[in-house]
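Q: Below, each chain spelled out in residue letters.
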Amino acid sequence: MPDPASLVIQLLNGLQYAMLLFLLSVGLSVVFGLMNFINLAHGTVYMLGAFLGLTLVRATGSFWGALALAPLFAAAIGALFYAVLLRRVQGESAMKQVLVTFGLIFIGIDVVRMIWGDYEEAIAAPALLADSVRIWGQLYPSYRLFVIALGLLVAIVLWLGLERTRLGAVVRAGVDDRVMAASLGINIEAAFFGVFCLGCWLAGLAGVVAAPVLQIYPGMDVAILIPTLIVVVVGGPGSLKGALLGSLLIGMAETFGAVLLPEFASFMIYAVMVLVLLLRPGGLLPARPAA
Amino acid sequence: MRLFATVMAATALALVLPGPARSAEPIRIGLVLPYSAGPYVPLANEVGDSLVMALEENGMEVAGRKIVVLKEDTTHKPDVAQAKAKKLVFEDKADILVGPIGSNELAALFAFAAGSRVPMIIPNAGDNEATGDKCSPWVMRTSFSNDQIVREMGPWMIKQGIKKVALIAFDYNTGHQLMDGFKKPFVAAGGTIVGEQYPPFGPISDFGPYLTKIKEQKPDAVFTFFAGPPATALVKQFSEFGLKESIKLTGAGWLISPLNLPGEGAAAAGVIGILNYVPAIDNPVNKAFQAKFQAKYHRTASEFAAQGYDTGKLIYAALKANGGKTADKAALVKALHDVTVEGTRGPLKIDPKTNNIIQDIYIYEAKKAGDAIDFNVLSRIKNVQDPPNGCKL
Chain A
1 MPDPASLVIQ LLNGLQYAML LFLLSVGLSV VFGLMNFINL AHGTVYMLGA
51 FLGLTLVRAT GSFWGALALA PLFAAAIGAL FYAVLLRRVQ GESAMKQVLV
101 TFGLIFIGID VVRMIWGDYE EAIAAPALLA DSVRIWGQLY PSYRLFVIAL
151 GLLVAIVLWL GLERTRLGAV VRAGVDDRVM AASLGINIEA AFFGVFCLGC
201 WLAGLAGVVA APVLQIYPGM DVAILIPTLI VVVVGGPGSL KGALLGSLLI
251 GMAETFGAVL LPEFASFMIY AVMVLVLLLR PGGLLPARPA A
Chain B
1 MRLFATVMAA TALALVLPGP ARSAEPIRIG LVLPYSAGPY VPLANEVGDS
51 LVMALEENGM EVAGRKIVVL KEDTTHKPDV AQAKAKKLVF EDKADILVGP
101 IGSNELAALF AFAAGSRVPM IIPNAGDNEA TGDKCSPWVM RTSFSNDQIV
151 REMGPWMIKQ GIKKVALIAF DYNTGHQLMD GFKKPFVAAG GTIVGEQYPP
201 FGPISDFGPY LTKIKEQKPD AVFTFFAGPP ATALVKQFSE FGLKESIKLT
251 GAGWLISPLN LPGEGAAAAG VIGILNYVPA IDNPVNKAFQ AKFQAKYHRT
301 ASEFAAQGYD TGKLIYAALK ANGGKTADKA ALVKALHDVT VEGTRGPLKI
351 DPKTNNIIQD IYIYEAKKAG DAIDFNVLSR IKNVQDPPNG CKL
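One line per chain: the protein sequences are A and B, in this order.
Residue numbers for the first sequence follow the working numbering, beginning at 1 and rising by one.
Residue numbers for the second sequence follow the working numbering, beginning at 1 and rising by one.
There's no promise every hint is true.
What the hints assert, rightly or not - Here are some of the chain B residues that sit facing chain A, going by a computed Cβ distance under 7 Å:
#1 Tyr35
#2 Ala37
#3 Pro200
#4 Asp206
#5 Gly208
#6 Pro209
#7 Glu240
#8 Gly242
#9 Ser246
#10 Lys248
#11 Asp351
#12 Pro352
Note that these hints are calculated values from the structure, not bench results.
For each residue, glycine too, the CB sits at the ideal point set by N, CA and C.
Next comes chain A alone, as it looks inside the complex (with noise of 0.2 Å):
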């Protein structure tokens, strides 16, 4: 067993994967919970969020200046998608959702190898957070405690805004009965557009936050698919609260997977979820209770 100091450690790492995957998978989940719309392509606007914020680095030297701007056009970039293409295929079969959005995922590795090359590139933390803090003797780097802070802020913003906002009443509505919200004078369309937006904004404020942690490059976004995926299954679908608790799980199980049994690293989210669903098929605290 880790000593207690490193223990503390072990904990930050899980805890600044965790908030990572909480940024990626609240849209999706959400998403999921309000239309039934399974969006595979939600990863590829976390890379393009991660690619443009490199640009946006070189071009303007500011981290802070990527960080505000490389979300803005990820959720346009989201919403282009959407009005093109995805509208058309919602309320159509899952299988018809999962095809198109798979093909989007070829698509985007292929667009950002075109323009950005197929290397792997880092986007340096911003100068304010480059050094390092000691916690209880042992040095941790300051950014990932930024990361954490991001995620932990990012999960308080969207439960107010869920629990206390009128708009938050209206998606709350829409995930419990559509059909009931839509014959009340809701206008579902609107409001699904309108998470639909916010969650790919989410995917690339991750993607440009993650990019000094992790290594940006063409076909990031299916790495990291898998594990959100996971999150949303776990966490259960259409829920935030769902998708807090599923990301803390899985980067804990993770992180502490890699260092404690080495040799079942690869498999032990894999053994989180089978475990999950054998338990509670319907996710840990989904919105709607199985029915």
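We have chain A; now place chain B onto it with these hints.
A: The following block gives chain B in isolation, referenced to the frame of chain A:
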């Protein structure tokens, strides 16, 4: 009708008059490198460009025959690599093949060259078996075997008082070969391995959890193998997570390649590497090569460039010794075995017993030099030669 007559006359003339190209067929060197895709694109260019540079220094010509370099792109795929090698040999009539960069493409190229009896020179890939128990008389290596790179590190560490070492490398063949190659001589010299970690091979390079575990293992030093962007990530995170305060970071020298130093910055200072080349090698060939390369490309030539350049020098020396004859492929291989050249890495010779290069190995430290990072050679082990390892040539 007049046009027809003119064309006929010109054709007749062309057939009668001996053109300059007809006097002697050129010697064709076929490069099979991953030029367009995958992580080795920059390496392919370093190797290919420097090989051409060495041939150009000799006028691209030997014994009255022109030397032509043909480039084919493997796109980082073994099947494409083999198809391109076949095209080079059967359609373009290449006399010698040079490739690949990564071990992923090695088996496919190796099988073709060995089976078709085409002399092939490996300018980078280090798989032990290629010049060990799977060796072929037709496939030579001017770069290194994985074992050759790391074998001398353990005994040197013991001399420096480094007794406890933690290992970390990606979980794939090259990672394991380099860690095993380090481990055996280190343990035999009295060292202890206090931990071994093999993260899944892939471009994701968050080393946080692994580095935190290394701290607990309390080693004197870490020995590692990473190359390309993960190497940069490891060197930076090693410093960010505070391991640098009490633990020495060492590894196969690609960890602090000149290609990585700009990204690693100050975090690279103090890192120790072991490799067959470092830009700081003090000999006239290397100094001239670095000066020329830097003037042309405005960056320090890497170990990959040095290997490409030395490969070009060796091929040229063999062709010259053989009087520019390439028709007899066995004689060409013998000529490649017989020459010794002064390369950027010191004296170089292909070992006829294994087909692997015999070369000097360097242990060196990255150090701060003003705003930049420079290298300081700590030890030079001369004429490092692989044991046969099952190769019977």
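Q: Does the interface hint hold: is B:Ala37 within less than 7 Å of chain A, judged Cβ to Cβ?
A: Holds - the Cβ of B:Ala37 comes within 7 Å of chain A, reaching about 5 Å at its closest.
Q: Regarding the hint that B:Asp206 lies at the interface with chain A, is the smallest CB-CB distance below 7 Å?
A: holds, 6 Å
Q: How about B:Pro200: closest beta carbon in chain A under 7 Å, or not?
A: holds, 5 Å
Q: Is the interface hint satisfied for B:Lys248? The criterion is a beta-carbon contact with chain A at less than 7 Å.
A: violated, 16 Å
Q: Holds or violated: B:Gly208 as interface residue toward chain A, Cβ cutoff 7 Å?
A: holds, 4 Å
Q: Does the closest beta carbon of chain A sit nearer than 7 Å to the beta carbon of B:Gly242?
A: holds, 3 Å
Q: Using 7 Å as the Cβ threshold, decide whether B:Pro209 counts as touching chain A.
A: Holds, about 5 Å.
Q: Can you verify the interface hint for B:Glu240: is its Cβ closer than 7 Å to any Cβ in chain A?
A: Nearest chain A Cβ about 4 Å off; hint holds.
Q: Let me know if the C-beta of B:Asp351 comes in closer than 7 Å to any C-beta of chain A, holds or violated.
A: Since the shortest Cβ distance to chain A is 35 Å, the answer is violated.
Q: Would the stated hint for B:Tyr35 survive a check requiring a Cβ distance to chain A of less than 7 Å?
A: At 11 Å from the nearest chain A Cβ, B:Tyr35 fails the 7 Å test, so the hint is violated.
Q: Under the criterion of a CB-CB separation shorter than 7 Å, is B:Pro352 in contact with chain A as hinted?
A: violated, 39 Å
Q: Any CB of chain A closer than 7 Å to the CB of B:Ser246?
A: Result: violated, 11 Å to nearest chain A Cβ.
The structure shown violates the earlier hints numbered 1, 9, 10, 11 and 12.
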